[in-house]
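Enquirer: Could you put together the complete structure from these sequences and hints?
Take 1 as the starting number for the sequence shown in this note's numbering and just add one per residue.
Don't read these hints as lab results, they were simulated from the structure.
Fair warning: there could be bad hints in the mix.
Unchecked claim - Dumping the calculated DSBU-like pairs for lysine-lysine here, alpha-carbon to alpha-carbon at most 30 Å: (1) K82 <-> K61; (2) K16 <-> K108; (3) K47 <-> K122.
In this text the structure is predicted, and so the values were computed from the model without any measurement.
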Amino acid sequence: MEPERIKLYFILLRLKSFLVSFLDSPEDCEDNFIYTEEFLGRRYPDKREEIINMLREYDVKNDCEIAFDHNIQFKFRAMVDKGNTKVDLEIVLNNLEIEINDSLLKDKEIGKIRLKREEEIKNILASLFQLSKIWIAHKNLQSDIDDYSLLDEEDILRPKEKEELKRLGIDSHLSFDFISKLTKKYLDELIDFYFQYGGDVSLNGFVNELESFKNSLNDRYKELFKNHGLDPNSLLDTE
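Expert: See the structure below:
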């Protein structure tokens, strides 16, 4: 058999292997080649039309027939053997063994990457969950105090309010200092995840979003300083 026909035979075997791993049962399929076309378009775009036409020519109707028909290999053999000499079985088996070993190694590496990615997503979600709990507790604590804008006037605070105020101090897990540090931890995790696995925005778009967040917060603080007669440039001293 010509090398090109042998290559075609291996592509068909890989296609079957992909569909077997992807589909659970014949009931999962519709009467089309939706997953076959996706696989071929992604892995072998130059062979996609040729293989689809060959499958139809040999009355193969859908993805599940390729995955679950025990006789499909005979049809594969007939497809690639048409107009060619007998397949060298030893060559086929040797090459197939190499392909299977390579595929197993790739699957193992992909599994490790997926596991690591899932763990990092869990860490990001854990940080978000912790932030949300702290903000809820912070909000409830502020609601317990009559007028939060007067908290710095200790002489008008009742004893209970003073105790509540201490819980918002810098040493408290409800303080803005702690919230800021936890927010930075979340953003660090998000940035690391993006650079490890990418996202649905471009690199420039991702960086610009972070820069926009920083600039927006800085502008609001400058406006706050102006409204209270303070020098907004003094913000630069804290950077």
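Enquirer: Quick check: which numbered hints come out false for this structure?
Expert: 3
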